[in-house]
Structure formats: C-alpha cells, structure tokens
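Below, each chain spelled out in residue letters.
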Amino acid sequence: MNHRTPQQATASDGRANDGGGPTAAVRLEGITHEYGASGGRGRSSGDRTVTALQDVSFDIQAGDIVGLEGPSGSGKSTILHAVTGLLVPTAGTVELLGTDLTELSDRKRTRIRRRHVGIVFQRFHLLPSLSARANVALPLVQAGIPRSTRRERAETLLEQVGLGDRSTHLPGELSGGERQRVAIARALVTDPDIIVADEPTGELDTATGDDVLDLLTDIGRERAVLVASHDDATLSVADRVVTLRDGRVVSNAG
Amino acid sequence: MSLRRAAVRLRAVVGLAFAQLRRSPGRTALTVFAVMLAVLSVTLLASLGVGVVETGEDGLDNAGRDIWVSSDPVDPSASGTENPIVGAHAVSAEMTERDDVSSASPIAMHDVYIGTDADDLERTPAIGVHETHDEFDYEAGGGFELDDNVTEGERPPEPTTEELLLDPDTAESLGVEVGDTVYIGTSRETAQNHEFTVIGITGYYSQYLGSDAATVPLTDLQAVAGTTGTDRATFITASVEDDADRDTVAADLDDEYAAYDVRPSDEQIGAMAEEQPLILASGATLVGLAIVGGIVLTVNLFALVAYQQRDELAALRAIGLSRWVLAGTIAVQGLVIGILGGVVGLVATPLLAAALNRLATSVIGFEALLQTPIEVYLIGLALAIVVGTVVALLTGWRAGRYARIEQLEG
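These protein sequence lines map, in sequence, to chains G and A.
Per the UniProt record's numbering, residue 1 is the first one in the first sequence, and the count goes up by one each step.
Per the UniProt record's numbering, residue 1 is the first one in the second sequence, and the count goes up by one each step.
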C-alpha cells in the first residue's frame with residue numbers, strides 16, 4: 001500500500017514516483033458514498049440517504065482502457081465524479097497518481113483535475129460562443145498560458161483529431177461527431193494522464209461513434225482511460241470492464 | 001511571472017465574457033434594458049423624493065433672507081389669530097437700525113375671503129409682504145412695492161395700495177384677470193368693505209404653502225384684518241450685511257429678542273420641515289424605496305444571468321477552471337451590462353424627469369416636482385455598475401460552487 005502525503009506525491013511535476021513498483025494512475029480503495037449525507041465526510045446520514053456506492057475498489061494502470069458498465073443508478077456517475085475530484089466519497093480513498101484526493105481541499109482537487117484529468121462528456125459541453133480552437137484551448141486559460149501558445153496547442157490537437165480545417169468554426173456549425181472530437185481535443189490539451197469519458201458515443205450514430213472510439217483507443221495507448229457506457233460497442237474497446245449493480249462491483253474482468 | 005499569468009487569465013476572462021454577451025445579442029439587449037429600468041426607477045423615484053422635500057423648502061430659499069424671526073411653532077397655514085409677533089414694524093425697524101442687518105421686514109398670514117361678488121366669496125390664505133420680487137415668476141401682470149420702507153411710524157387703518165396678486169387656480173375659479181376688481185376681507189361680512197385690483201397672477205407662495213394663496217401688500221392685509229393697531233405678523237425676515245456672519249447675528253438677535261425664536265434660514269427650513277413630518281417621511285420613503293427596489297431588481301437580474309449560463313459554468317468548472325475565473329466571466333458581463341444600462345438610464349433620466357414634471361405641472365400644479373441633483377445620478381450609476389458587478393461576481397461564484405456533472409447530464 002502506498003501511503004504518501006499529497007505533498008510528496010505532487011512534488012515537482014506533480015506526478016508520483018516512489019521509486020518502487022508502478023503506481024496505478026487511478027486507485028479506488030473501499031469507496032462508499034451516500035447521497036443525502038451532504039456529500040462530505042464525517043457527516044451523519046439521516047433517514048433519506050441513498051447509498052450510491054458500497055465498498056468499491058479497482059485500479060487503472062497507465063495504458064489501460066477500463067469500461068464502466070451498469071444500469072442507470074448503479075453508481076457509474078458517482079465513480080466518475082469521485083475520480084475527477086468533483087465529489088468526495090463518504091468513505092474510502094481515491095488515489096490519482098498516488099495522491100489521495102479525499103484529503104485535499106476543493107481548490108487542490110480542481111488543480112489536480114486540471115493538470116492530470118481530461119473529461120469527455122456525453123453532450124460535449126462546448127461553449128457555443130467560442131470557436132472550436134478557443135474551446136480546445138480553454139483549460140489552458142487557468143494556467144495562464146499566453147494566447148498564442150494556447151492557439152498553437154489547440155490547432156495541433158485539432159489536426160490530430162482530424163479537424164484542422166474546422167478550427168475557427170463555432171460548435172453550432174459542426175456535426176455531432178465533430179463536436180465530440182473537439183471535446184476530446186479539449187480533454188487532451190493539458191496532456192492529462194487520465195481520461196474520463198461519460199457515454200462518449202451516447203449522442204452519436206454508430207459510424208460516427210466508431211470514429212470517436214478509434215480516437216479514444218488511440219489516445220488510450222499512453223494514458224489511463226475510464227469509459228462509462230451502456231453501449232456494448234463502446235465497452236468493446238476496453239481492456240477490462242468493471243460491472244456495477246446497485247453500487248457494488250459485480251465483475252471486474254478483461 | 002504569476003502577475004503575467006494573472007494578466008493572461010484576466011484577458012481570457014474578458015474575452016470569454018464578451019463572447020458570451022455576443023452569443024445572445026437579444027438577451028444582452030434585454031438585460032441592458034432591464035438595468036436601464038432599474039436605474040430609471042432609482043433616479044426618478046429618488047428625484048421625486050428630493051423634489052417633495054425641496055418643494056416645501058423652496059419658498060424660503062428663494063426669499064433670500066438670512067434670518068427668520070418667529071414665535072411659537074410656525075404653521076404655514078396659520079390664520080389671522082396666529083400672527084404672534086406684535087408690533088412687527090417696530091421690531092423690524094429696530095433690527096434694521098443695527099449695523100449688521102441690512103434690512104428686516106414682517107410677513108403676515110391670514111385666511112381671507114375673496115370674490116367678485118360680495119355674496120359669493122372664496123376662502124383662501126393670504127400672505128402679507130412688503131414687496132414682491134423677480135422670483136415670483138408672474139403668469140400675468142406684475143408685483144408691487146410699498147412706497148415707504150418699513151418704519152415705526154403711523155400706518156393708515158385703511159388699505160392704501162388696494163392691489164393684490166392671485167394664484168392661477170383662484171384667479172381661474174373666480175374668473176378674474178389682471179385689472180379686475182375683487183372684494184377681500186377676513187370675514188364674509190367685512191369683505192364688501194374692501195375692493196382690491198388684481199395686478200398679477202403667480203403661483204409663488206402656493207408652491208411652498210402647498211395650497212392656493214393670495215399675495216397682498218402687508219399694511220393693506222393688516223388693515224383688512226384689523227391688526228394694524230397691534231401690528232401683528234407671523235415672521236420677521238432679515239438680511240445681514242455682506243461682511244456680517246449670519247449665525248452670529250442670529251445669535252445676537254436671539255439674545256436681544258428673547259420672546260421670539262430667531263433662526264438662520266437653514267434652521268428655519270428645518271423648523272418648518274418638522275411641522276411637515278408627513279412630507280419628509282414621504283420623501284425619505286421614496287428615496288429609500290428607490291434604492292432598495294433598484295438593488296432588488298439588479299440582484300434578480302444578475303442571478304438570472306448566471307443561472308442561464310449554469311451549464312456552461314458547470315462544464316468550465318469540470319474542465320478545471322477555478323471559481324474565480326468563472327465568477328470573473330459573469331462579473332465582467334455584469335460590468336459591461338451595468339455600464340451600458342447605467343449610461344442609457346442616466347441619459348434618459350433628465351428627459352423623463354422633464355416630461356414627468358410637465359405632466360405634474362399640468363395635473364397638480366407643482367412645478368419642478370422631480371429634481372435631479374448630481375447625487376441622484378451618482379446613486380443610479382453606482383447601482384448599475386457597482387451593484388451590478390458585485391452581484392454578478394457573487395452569483396457567478398455561487399454558480400461555480402454547484403457545478404457538477406449531474407448538471408451536465410440533464
């Protein structure tokens with residue numbers, strides 16, 4: 001077990017390296033979460049709490065694509081929230097590159113998310129008022145990276161996802177598949193170690209969905225990817241699928 | 001280095017805010033319009049509040065007198081029985097003899113009966129003054145000036161000038177014009193004994209009494225009222241020499257005339273205002289309502305602006321932008337909308353105030369009911385820009401706090 005403090009874990013470049021065996025990119029250890037308990041730790045639950053997760057543990061190594069499967073309400077979203085640091089589970093630890101997110105402040109979790117996690121949403125969530133290029137460059141704003149550098153990085157990524165000629169288009173002028181590719185480019189712009197995708201093909205037709213999955217597989221070679229989906233085709237690109245039922249892991253198989 | 005980063009972030013925040021505003025020009029225009037309404041509600045209501053308070057004070061201000069001498073609480077609608085200063089001309093003459101007083105003259109107030117037919121008379125307050133002046137703003141005709149300055153000498157028991165000024169309403173209801181003759185008396189029975197010529201029409205005194213009022217030469221009014229002998233007046237007003245200090249002279253006079261209340265003019269305004277708590281309360285309430293109403297409108301507006309962008313804010317938060325950056329984009333939108341709406345509102349204020357004043361003049365006879373001192377504009381501008389930006393920043397900050405993926409899945 002790795003018990004480093006967040007300070008040690010995020011020293012210098014923020015990436016973990018304890019000199020021992022490979023650190024998992026993501027490690028969930030005994031995660032339990034109850035909604036209605038104000039989402040925080042140490043709060044007693046009332047009668048109306050709903051247990052979303054119960055003792056969930058699994059990890060993802062760099063280079064792994066892990067699928068997250070289960071019906072609605074099985075706890076997929078809660079796991080994505082926990083991994084991205086948008087939520088602190090009631091019990092258990094969430095380690096990202098060796099740093100336990102549950103011990104960090106909201107601000108520090110935001111910083112870790114910005115540096116190490118890229119998120120791809122089902123509904124893209126691009127800013128309609130900004131061009132594809134500006135949308136991709138957005139996560140770099142917080143780091144205070146100058147505009148010319150932001151543009152350069154965004155254009156390179158748009159080239160990589162096959163949208164080099166669409167960089168000045170507004171999201172409204174792009175197809176669903178193109179928008180999702182812009183969103184993937186945005187998720188990659190900070191060069192994250194972990195990509196979290198929530199139903200990435202949910203809004204796309206099969207052929208477009210396949211293109212997006214190819215792209216995800218491609219970028220997944222060097223990173224840890226966690227994909228939540230109902231869709232078998234989407235889950236088929238995963239090296240391993242974690243199946244959830246009523247907040248518990250019922251299978252964790254390759 | 002970190003300063004440079006902050007500058008880069010600030011620039012991006014401003015860019016984001018403008019992009020959001022440009023994205024929905026219709027919504028932006030409506031928001032600007034709403035801020036303009038909030039500003040106008042503040043400036044116009046506050047103008048009305050200021051105007052209500054100042055309308056009561058105007059008559060005193062315009063009289064240009066430095067010192068007011070009265071006795072007992074002053075009631076502007078006082079009738080003949082409440083002219084408490086006895087021997088007013090003698091007191092005035094005594095005061096005028098002082099080196100530091102340039103002039104002093106009494107003012108009397110009586111309720112009189114006036115009419116063209118001795119059997120059909122109207123009751124109206126009358127102000128007895130020694131002279132009229134330019135501020136009277138005559139609608140027709142002109143004023144009067146008594147021949148002799150105020151002296152202690154004998155005054156005739158009968159009216160000598162036999163002229164008066166009427167306010168426009170009384171003139172209209174009596175059906176008289178400049179040059180016509182009217183009966184005047186302090187009772188219906190005595191009115192037929194005195195015939196005066198109408199020499200001018202003016203709303204000067206009715207403006208600050210809040211009711212119609214006739215203006216009559218002082219000695220004539222005393223003669224009509226039968227107070228020539230006791231020489232009664234409601235006030236004595238005095239002007240001090242240019243090199244004299246008003247407050248010092250007032251204090252001296254107060255010691256010398258212990259039976260009377262001697263006040264500098266601004267205190268006198270305060271003393272009269274105390275007699276009109278309702279007017280003061282109304283004015284203050286209007287100003288208070290204007291500010292509270294404007295703030296509530298603005299808070300609601302920017303809470304809505306942030307609410308409408310909650311999905312975008314949630315996405316930005318999820319991809320790692322800080323709450324300050326999110327709040328900043330909303331705050332900059334608030335600032336831009338506040339400046340635009342504020343400027344439009346301030347430009348529209350004098351135009352609308354003038355239009356409302358015209359309406360007020362024609363309907364209720366008060367002139368310049370809405371007054372727009374610089375403070376009114378400052379309050380309006382502060383509301384639009386400061387309140388707008390602060391509220392936008394706070395609502396943006398709150399919106400960032402609740403950003404969750406759930407919101408992004410809806």
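Any given hint might turn out to be false.
Said to hold, decoys possible - Cβ pair distances, simulated, as ranges: (1) Leu378(A) / Gly164(G): 51 to 59 Å; (2) Leu378(A) / Ser72(G): 55 to 63 Å; (3) Ser2(A) / Glu203(G): 53 to 61 Å; (4) Lys108(G) / Ala7(A): 19 to 27 Å.
To be verified - Example chain G residues on the side facing chain A (calculated, C-beta under 7 Å, incomplete): (5) Arg113; (6) Val237; (7) Arg240; (8) Val241.
Keep in mind the hints are simulated off the structure, nothing from the lab.
Backbone N, C-alpha and C fix where the C-beta goes; we use that ideal spot for every residue, glycine too.
Cross-check of the supplied hints:
The hinted range of 51 to 59 Å is satisfied by Leu378(A) and Gly164(G), whose Cβ atoms lie roughly 53 Å apart. At about 56 Å, the CB distance of Leu378(A) to Ser72(G) agrees with the hint of 55 to 63 Å. Evaluation of the 53 to 61 Å hint for Ser2(A) and Glu203(G) yields a failure: the beta carbon distance comes to about 40 Å. Checked against the given bound of 19 to 27 Å, the beta carbons of Lys108(G) and Ala7(A), roughly 24 Å apart, stay inside it.
The restraint placing Arg113(G) at the interface with chain A holds, with a minimum CB-CB distance near 5 Å, inside the 7 Å limit. Violation of the interface hint for Val237(G) is found here, the shortest Cβ-Cβ separation to chain A being roughly 22 Å, above the 7 Å cut-off. Against a cut-off of 7 Å between C-beta atoms, the interface hint on Arg240(G) is violated, since the closest Cβ of chain A lies about 23 Å away. At about 21 Å, the closest approach between the beta carbon of Val241(G) and any beta carbon in chain A exceeds 7 Å, and the interface hint on this residue is violated.
Taken one by one, the earlier hints fail for this structure at numbers 3, 6, 7, 8, listed in ascending order.
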